[in-house]
Amino acid sequence: MDPVNIANLALAGVLTGLVYGLMALGLSVIFGVVRVVNFAHGEMMTIAMYATVLLFSRWGIDPFLAVLPVALAFFVLGCALQAGLINPFITRPEHSQFMLLVAVALIMVNALLVGFGPDARSVQLDYLLESIEAGPLLLDRGKLYAALVACATAALLFAFFRFTPTGKAIRACADNYLGARVVGLNVRRYYALTFGLGSACVAVAGCMMVLLVDVTPVLGPGYTLLAFVIVIVGGLGSMTGALLGGVLIGLSEALAGLFIAPSAKSMFSFGLLILVLLFRPQGLLGRKS
Amino acid sequence: MTNRAIVLLSALGAILLVLPGFAGPYVLSVVTLILFFAYAGQAWNVMMGFAGQLSLGHSLYVGVGAYAAAGLYFHYGIGAWAGIWLAVLLCVALGCVIGFLAFRFGISGVYFALLTIAFAEFTRIGFDHIAWLGGPGGLFIKVEQRTAWDLLDLRGTPAMFYYVILFLAAGALLLCSLLLRTRAGYYWQAIREDEEAAQALGINTFRWKMLAVAISSAMTAVAGVFFAFYYNNLFPEQIFHISRSIEIILGPIIGGIGTLFGPVLGAAVLTILADGITELLVAFGLEFPGVKQVFYGVVLLVVVMFLPNGIWPALARRLKLERR
Chain A
1 MDPVNIANLA LAGVLTGLVY GLMALGLSVI FGVVRVVNFA HGEMMTIAMY ATVLLFSRWG
61 IDPFLAVLPV ALAFFVLGCA LQAGLINPFI TRPEHSQFML LVAVALIMVN ALLVGFGPDA
121 RSVQLDYLLE SIEAGPLLLD RGKLYAALVA CATAALLFAF FRFTPTGKAI RACADNYLGA
181 RVVGLNVRRY YALTFGLGSA CVAVAGCMMV LLVDVTPVLG PGYTLLAFVI VIVGGLGSMT
241 GALLGGVLIG LSEALAGLFI APSAKSMFSF GLLILVLLFR PQGLLGRKS
Chain B
1001 MTNRAIVLLS ALGAILLVLP GFAGPYVLSV VTLILFFAYA GQAWNVMMGF AGQLSLGHSL
1061 YVGVGAYAAA GLYFHYGIGA WAGIWLAVLL CVALGCVIGF LAFRFGISGV YFALLTIAFA
1121 EFTRIGFDHI AWLGGPGGLF IKVEQRTAWD LLDLRGTPAM FYYVILFLAA GALLLCSLLL
1181 RTRAGYYWQA IREDEEAAQA LGINTFRWKM LAVAISSAMT AVAGVFFAFY YNNLFPEQIF
1241 HISRSIEIIL GPIIGGIGTL FGPVLGAAVL TILADGITEL LVAFGLEFPG VKQVFYGVVL
1301 LVVVMFLPNG IWPALARRLK LERR
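Chains as they are written, first to last, in our numbering: chain A, 1 to 289; chain B, 1001 to 1324.
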């Protein structure tokens, strides 16, 4: 096998993995703060993908411009979802939360199916097919830009949590629920804000994912599982871990597709998940609880 | 149970026993489906409802059980009477491996649930690559029109399948009610309520959790065997899919986790609801793909929000079916 070919594939895998990482970052942020596992995560991303496709086909809005309105809409939607549906559930047992989000996911997938039908949709843009030569390597323009947007979004989120007072307050809620309430933080409001931020992350990832794959309503559950794999591998609740996990999974998918069989690539990811769960359950970059 | 509950239960049992005598094929198939989910839900309930271990990968045991028995029959003509043992053996072994790894390494809660999903998904993709069992193209058992009942091979009329699953569901109900009164049952409930406290009282939580997994996976394997011979076709994509696991656990959660009659009631409510929605949509000319599931999801949402403990506890209290 040609090493340049392998390097090209690995590079494409890393770029795709960064978009995966951003998707998983949303899940990780939500879990890290709200302590609720968002079982509707992939479904939310599919909705963002459809929104992007719709904006493009109706008004010709470029996916890179669609990022802003879609992310904003998802932020509002996520806040509303947390404030209206999930907040009453945060003191309930895990299986109860799980059922709630499964129901939400079921409604999302099938509402898309009703609205758009089962056929695959995509965004056709000429510049997506161009490639950039970097020495012997070939870079897909669409993938490169998508990965850059993913990195920029992640950096923004990092900065928000690190430097703004609101970000600090959210971290306080995550560290100590009771303590945060004692010092007078409205924890439920910050939970809603966090779910909104996580949703905005997944929305940006969805806008970028449209550049990489065609979208169908049934993609949702698969992406939910993929996001789980990534955050567990990276460390549930760790932000850098989510990005690292995304890159690892993207890379392993690309290489497993090449060396083993394309249909076995997610088997590889799940195998990795099992190994990490057993030997480093807190994830590669997670802290021991 | 109160006297009233015993009378009601006996009446229900009597009706179910004579049902094939007067019900049409459609009603019989619906009740068969209800009983199937009641049985599988009961099996899952042993692990989650009794011992508090949330498994979201029970499709693994349904699938492996189904493929084990169906593979034996397909390749060697060995009937279900033997296949069932292989199915149970394989599933208990699998369950014990997963349980051992998880409990030894201290994986619990959400992480345990995700581990069970991972094993089911891993197996699903693996079965896509086993050509001997048909791979992604599926495994088909020859469908023969039989009028006689062949219980050993599990070939026969719909009425036979109905009685088989009725027997299984009733047996599971009985087994669970007995289990709850054994030492294991009390230990499980102690572990479910507070594992550390149970440990502090000297309960070997590892051993009892393993027992719950073993019993639950064995029971689910039998459900898989029934599934294989009732439907006669198996696809990894369907039988191992996470939506199948969710289907199994919906009944007990809607009906009431940890209760004896919750899984039965939940299965009945959900199956009838799904069929009722289909009928309604056909009547209104709205049968687009997905509409049914949207309604289903909304009902689920409402039940989870307003009846957090399930329908059975509320119903039992209202109708005075359980001693307080």
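Among the hints, erroneous ones may be present.
In silico contact screen, one side only, chain A against chain B (beta carbon under 10 Å); selected entries [what the hints assert, rightly or not]:
#1 Leu-68
#2 Ile-90
#3 Arg-92
#4 Met-99
#5 Leu-106
#6 Pro-118
#7 Ala-120
#8 Phe-259
#9 Ser-263
#10 Ile-274
Derived by calculation from the structure, the hints in this document are not laboratory data.
In this text the structure is predicted, and so the values were computed from the model without any measurement.
Beta carbons are placed, not taken as given, at the ideal position from N, Cα and C, and that holds for glycine.
Q: Would you settle whether the hint for Leu-68 (chain A) is holds or violated, based on the nearest Cβ-Cβ distance to chain B being less than 10 Å?
A: violated, 29 Å
(Q) Next item in the hint list is Ile-90 (chain A). Is there a CB on chain B closer than 10 Å to its CB? (A) violated, 13 Å
Q: Would you settle whether the hint for Ala-120 (chain A) is holds or violated, based on the nearest Cβ-Cβ distance to chain B being less than 10 Å?
A: Hint violated; Ala-120 (chain A) Cβ to chain B Cβ min 15 Å, cut 10 Å.
Q) Does Ser-263 (chain A) pass the interface check with chain B, least Cβ-Cβ distance below 10 Å? A) Status holds, d = 6 Å.
**Q.** Cut-off 10 Å, beta-carbon criterion: hint that Ile-274 (chain A) touches chain B
**A.** holds, 5 Å
Q) Given Arg-92 (chain A) was flagged as interface, is its beta-carbon under 10 Å from a beta-carbon of chain B? A) holds, 6 Å
Q: Grab the minimum C-beta distance from Phe-259 (chain A) to chain B and call the hint holds if it beats 10 Å, violated otherwise.
A: Result: violated, 15 Å to nearest chain B Cβ.
**Q.** Supplied contact hint for Leu-106 (chain A), tested at 10 Å Cβ to chain B
**A.** Holds. Min distance 4 Å.
Q: With chain B as the partner, please determine if Met-99 (chain A) meets the hint condition of a C-beta pair closer than 10 Å.
A: Because about 5 Å separates Met-99 (chain A) from the closest Cβ in chain B, which is inside the 10 Å limit, the hint holds.
Q. Hint check: is the beta carbon of Pro-118 (chain A) less than 10 Å from a beta carbon of chain B?
A. Because about 7 Å separates Pro-118 (chain A) from the closest Cβ in chain B, which is inside the 10 Å limit, the hint holds.
In summary, the structure is inconsistent with hints 1, 2, 7, 8 from the numbered list given earlier, while agreeing with the others.
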